[in-house]
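Student: One letter stands for each residue in the lines below.
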Amino acid sequence: MDKELALAIVLASVVLTLYISYYARRFTRTTTEFYVAGRGISWKINGLAMLGDYCSAASFLGVAGAIALMGIDAWWIALGFFGAWIVVLPLVAGQLRAVGKFTVGDVLITRFGHDTKLRMISMITTLVLCTLYLVPQMVGAGHLFKLLLGWDYLTTVIVTGVIIILIIILGGMKGTTLNQAIQGLVLWGAMFLLLVLALVYMGGPTSLINSANEAVPPAYAVNKGVVEGDATKVRELLPNAPSALTVGVGLRDLANQMSLVLGLLLGVLGLPHILIRFYTVPDVRAAQKSTELTIWGLATFYAMTVFVGLACMYLLYPKLIGYLAAGERGIATNMAVPMLAEMLGGGVFLGLVAAGALAAMLSTSAGLLIAATTSLAHDLYASIIKPESSERERVTFAKIIAGLLGLLSIAMAIWLKDVNVGILVGMCFGIASSTFAMALVLTIWWRRLTREAVIAGMAAGLVSSLIFTFARFFGLESVFGLPVLINPALYSVPIALSAFAVTSYLTKDSGNVEKFMVLVHRK
Amino acid sequence: MYKKLVVGVDGYSASLEAAKRAIQLASQYGSKLVALYVREQIPLYGVEKAEEMVEKRITDKPLDLVRVYAKKHGVDIETRVEEGAVAACILKVAKESDADLIVVGDTGRKGFKKFYLGSVAQAVAEKAHCPVLVVKKGTTDISDMYIPIEETKEAKVEEIAKVEIDETVFKSKAKTAFLLSSIFAVIYFIAATLTSEPMKDVAGTNMLGLPLAIWIGMVVIVCGIVVARYSIMKI
Numbered sequence: 001m002d003k004e005l006a007l008a009i010v011l012a013s014v015v016l017t018l019y020i021s022y023y024a025r026r027f028t029r030t031t032t033e034f035y036v037a038g039r040g041i042s043w044k045i046n047g048l049a050m051l052g053d054y055c056s057a058a059s060f061l062g063v064a065g066a067i068a069l070m071g072i073d074a075w076w077i078a079l080g081f082f083g084a085w086i087v088v089l090p091l092v093a094g095q096l097r098a099v100g101k102f103t104v105g106d107v108l109i110t111r112f113g114h115d116t117k118l119r120m121i122s123m124i125t126t127l128v129l130c131t132l133y134l135v136p137q138m139v140g141a142g143h144l145f146k147l148l149l150g151w152d153y154l155t156t157v158i159v160t161g162v163i164i165i166l167i168i169i170l171g172g173m174k175g176t177t178l179n180q181a182i183q184g185l186v187l188w189g190a191m192f193l194l195l196v197l198a199l200v201y202m203g204g205p206t207s208l209i210n211s212a213n214e215a216v217p218p219a220y221a222v223n224k225g226v227v228e229g230d231a232t233k234v235r236e237l238l239p240n241a242p243s244a245l246t247v248g249v250g251l252r253d254l255a256n257q258m259s260l261v262l263g264l265l266l267g268v269l270g271l272p273h274i275l276i277r278f279y280t281v282p283d284v285r286a287a288q289k290s291t292e293l294t295i296w297g298l299a300t301f302y303a304m305t306v307f308v309g310l311a312c313m314y315l316l317y318p319k320l321i322g323y324l325a326a327g328e329r330g331i332a333t334n335m336a337v338p339m340l341a342e343m344l345g346g347g348v349f350l351g352l353v354a355a356g357a358l359a360a361m362l363s364t365s366a367g368l369l370i371a372a373t374t375s376l377a378h379d380l381y382a383s384i385i386k387p388e389s390s391e392r393e394r395v396t397f398a399k400i401i402a403g404l405l406g407l408l409s410i411a412m413a414i415w416l417k418d419v420n421v422g423i424l425v426g427m428c429f430g431i432a433s434s435t436f437a438m439a440l441v442l443t444i445w446w447r448r449l450t451r452e453a454v455i456a457g458m459a460a461g462l463v464s465s466l467i468f469t470f471a472r473f474f475g476l477e478s479v480f481g482l483p484v485l486i487n488p489a490l491y492s493v494p495i496a497l498s499a500f501a502v503t504s505y506l507t508k509d510s511g512n513v514e515k516f517m518v519l520v521h522r523k
Numbered sequence: 001m002y003k004k005l006v007v008g009v010d011g012y013s014a015s016l017e018a019a020k021r022a023i024q025l026a027s028q029y030g031s032k033l034v035a036l037y038v039r040e041q042i043p044l045y046g047v048e049k050a051e052e053m054v055e056k057r058i059t060d061k062p063l064d065l066v067r068v069y070a071k072k073h074g075v076d077i078e079t080r081v082e083e084g085a086v087a088a089c090i091l092k093v094a095k096e097s098d099a100d101l102i103v104v105g106d107t108g109r110k111g112f113k114k115f116y117l118g119s120v121a122q123a124v125a126e127k128a129h130c131p132v133l134v135v136k137k138g139t140t141d142i143s144d145m146y147i148p149i150e151e152t153k154e155a156k157v158e159e160i161a162k163v164e165i166d167e168t169v170f171k172s173k174a175k176t177a178f179l180l181s182s183i184f185a186v187i188y189f190i191a192a193t194l195t196s197e198p199m200k201d202v203a204g205t206n207m208l209g210l211p212l213a214i215w216i217g218m219v220v221i222v223c224g225i226v227v228a229r230y231s232i233m234k235i
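Keeping their order, the protein sequence lines are chains C and A.
This note's numbering puts the first sequence at residues 1 to 523.
This note's numbering puts the second sequence at residues 1 to 235.
Incorrect hints may appear among the rest.
Claimed, not checked - Stretch-level coverage of chain C by chain A, calculated; a stretch enters the list once three of its residues show a Cβ under 8 Å from a Cβ in chain A:
hint: 1; region: 44-52
hint: 2; region: 240-248
hint: 3; region: 255-269
hint: 4; region: 288-300
hint: 5; region: 367-379
hint: 6; region: 514-522
To be verified - Where chain A lies over chain C, by a calculated footprint (3+ residues, C-beta under 8 Å):
hint: 7; region: 18-30
hint: 8; region: 64-77
hint: 9; region: 273-280
Honestly, the hints are just simulated from the structure, not real lab data.
The beta-carbon is built from N, C-alpha and C at its ideal position, and this holds for glycine as well.
Bound conformation, chain C alone (with noise of 0.2 Å):
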């Protein structure tokens, strides 16, 4: 009866907001009162828009789902997602309104001219971040609707995923941006919810923290052999364990914690799915204010969650141990805040929460499509195989490719079931620090940056960060004599950056530095 009521709630809440968001778009052109619509809506609705495209299962599910487990180590993806945005409004938020249009790519084209590997190469690193940043959302929603469901992992990560794909395809993507927006007020929304019900249920904060002191996280348990119990049960069996609060038990070493923390810091740089929104706005202005407002959503949220995720250990403990005893790590991992959720509402808390991490995975999933048929119809289309298309004609063959990748992540997410979902995410920062996010910062900052070493730069940086990715997807100890990290962003960083201004010093061809330059940093 549970499950029902929270699956109806879910539906009714996607419905709600694909109408809302249609509607919205009426509104926003047909609404005679003035003052609605005017000066300083755009930035407002972008911020928005930003926050629901940003918090993907990562925020919603995997933070709060790794406190969960590992205990506070796991802290540092959120203020890694956090902090990456600090960054990003000095660096390149304004700058790329100034000169972007459809692509990433464009910014670098802008600078260095017509060049088909330069093309290339930013449409396959699009490309590459897309799929993998999917990966993430459809492991989300198949671990979700197979909670709401029961059905096996299998069967609904491909009918979900199949599911998300065509509505976001064929809907013709109408409606995105406001869909994002509201969805972005629903999924901190949900989150801030479930924080109140958790501290009312625990009896305040102070008692949540006591608590989060006293237990062993599952994690820690579980390897030392315990398969059962409850919080204090467990205390009592590893008097001397850590605690929740105790850091290094996730991140054991200092490598991995810098690994880690480098490639979230860097990653926002050079995500597409994210700036690409940075174009949508009128101005430069626009472009800051609603990065600031972004930047205040995700500093509340990520508070939050760390309550949440202590809340989640301790009152799912049992729960928790039985899972990972059972081997089915991805259940405990990425269902941690339903399951609170279901544990202290029911269906009703179940099915807000649960349309919540929806509302975070679909506005993500459509950025990402779109970031994908935008690099696709413009770097590839356009660009290289028939300038004088029409749009409707790039569009079409966009989607169709598009289409395709959504269907490989979903073949990745089968595969990496039991990954937590914000470190699945932290690998795609991991890669985008090492690709765009250096292309764009040095092009917009450094002069003596060449054409050459834009593409030996992102090439390397490419190359080595999924190397390191798949190897710890498979499961290896170590590449090249090297051990390999919780994140590529170690290695992959300094390789790419190396590339870069070596190849610099070693080339000409700084592109139309004197002209872009002025472009670029106007006001």
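Given chain C's structure and the hints, the job is docking chain A onto it.
Tutor: The following block gives chain A in isolation, referenced to the frame of chain C:
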């Protein structure tokens, strides 16, 4: 009979047909004409905008096109640009100009597209304080309206780049941008080090009921917000 006309134009054919009719009327009655272009403020993706287009955009500079045509027919024309909801702006300008006739184009959308995008003509006709003339698309021949040459991207770059970059301004911008990012990065990495495994005893120290680790995280968040504010003020 009509002293002041207001017509809403965008780059598409229906509104240009409306503009031509408005100019003809103004010429006939000796009225003044206000041509209004509304810049929508909704931050849509390129793909979203493309999906909304029913047809090819005729011109990127509808006000120029209309002004030239009006002058050719001896009509006293004033052009205005507003930002916001299309229907609302048209009504606002009409009120401000004391218009006694509003002229709008109607693209004749049907079905889902109409549900999605709505009808500006309908909204204006419903709420206007004066008569409204709705010009349906395809009822007027606009082939005699001179179409100005589309501005190329290169020309735009040339024009902007005629302004030379102020080296000192650029250097100071670069310095501020990198200084702010570095300040935050340093705080961020110090926080990461203090909460790493080798420092777990430090991170575990109790401060006002919470372990230092949580306070450090909060500091990172607060610093981030402060640096963000500064970035906007200074860059």
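Student: Would you mind marking each hint as holding or not holding in the structure?
Tutor: How the hints compare with the structure:
| no. | hint | in the structure |
| --- | --- | --- |
| 1 | 44-52 | holds (count 3) |
| 2 | 240-248 | holds (count 5) |
| 3 | 255-269 | holds (count 4) |
| 4 | 288-300 | holds (count 8) |
| 5 | 367-379 | holds (count 4) |
| 6 | 514-522 | holds (count 7) |
| 7 | 18-30 | holds (count 7) |
| 8 | 64-77 | holds (count 4) |
| 9 | 273-280 | holds (count 4) |
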